[in-house]
Amino acid sequence: NAGVMQNPRHLVRRRGQEARLRCSPMKGHSHVYWYRQLPEEGLKFMVYLQKENIIDESGMPKERFSAEFPKEGPSILRIQQVVRGDSAAYFCASSPPGTGPNGYTFGSGTRLTVV
Amino acid sequence: GQQLNQSPQSMFIQEGEDVSMNCTSSSIFNTWLWYKQDPGEGPVLLIALYKAGELTSNGRLTAQFGITRKDSFLNISASIPSDVGIYFCAGRSNDYKLSFGAGTTVTVRA
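So the sequences go chain by chain: A and B.
Count along the first sequence starting at 1, add 7, and that's the number in the numbering used here.
Count along the second sequence starting at 1, add 29, and that's the number in the numbering used here.
Bound conformation, chain A alone:
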């Protein structure tokens, strides 16, 4: 997982607070993907971004969740007014242009706990 940096590794939030998860892709990777993993389940696609563009957010809940990948800086996944059901591991992957999932490198994830 070297190269895709996610922080924080662990995040605890009270219900109603905001959670901000950061992902810095590997050098040379301009495509970022966010996946969510609930306990004892596989990863589920949330959103696919390129620099300054959201390409596909079909896996993201319509309310409270948003994602961005600005021209400068990391990609941010923001969850507003968190609820207990948001507790999960959130993984970011990046890839170079043109490789798609075959070229994914995953980060180590952010484990969000809502209390």
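One thing to keep in mind: the hints can contain errors.
[Unchecked claim] In silico DSSO-like pairs for lysine-lysine, Cα to Cα no more than 30 Å straight-line:
no., chain 1, residue 1, chain 2, residue 2
1, A, Lys-58, A, Lys-78
2, A, Lys-69, B, Lys-126
3, B, Lys-99, B, Lys-126
4, B, Lys-126, A, Lys-58
5, A, Lys-69, A, Lys-58
6, A, Lys-51, A, Lys-34
7, A, Lys-58, A, Lys-34
8, B, Lys-80, A, Lys-51
9, B, Lys-80, A, Lys-69
10, B, Lys-126, A, Lys-78
11, B, Lys-99, A, Lys-51
12, B, Lys-126, A, Lys-34
13, A, Lys-34, A, Lys-78
[Said to hold, decoys possible] Only some residues are given here: those of chain B computed to face chain A with a beta carbon under 10 Å:
no., residue
14, Thr-60
15, Gly-69
16, Glu-83
Calculated directly from the structure, the hints in this document are not laboratory data.
Where a beta carbon is used, it is the ideal one built from N, C-alpha and C, also for glycine.
Assemble the complex: chain A is given as a structure, and chain B must be docked to it using the hints.
Leaving out everything else, chain B in the frame of chain A:
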């Protein structure tokens, strides 16, 4: 999204044994991928399969892409303690999206 059924859900094996797990889908995939996830880490790609019927090896790992394009299996031969972890199958849905199985948890008895 597509539903992937991965089995078994978990397994305890003796060191030196061979391990087999499989994944089936209700949909056709063009690519099957197998990942391993260690505790507290993200998934790491083990093997990628691109063609129906393809059999690919990576060290002690062997995986096959089913002829129907709706299934795949992974074999681990002569298991060792570091094989402990969760193994996920994933199918490539389109140019950028993966659908994952729920995982097979492997625990090795020394």
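To test your reading of the hints: which numbers does this structure violate?
As far as the earlier hints go, 9, 16 are violated by this structure, in ascending order.
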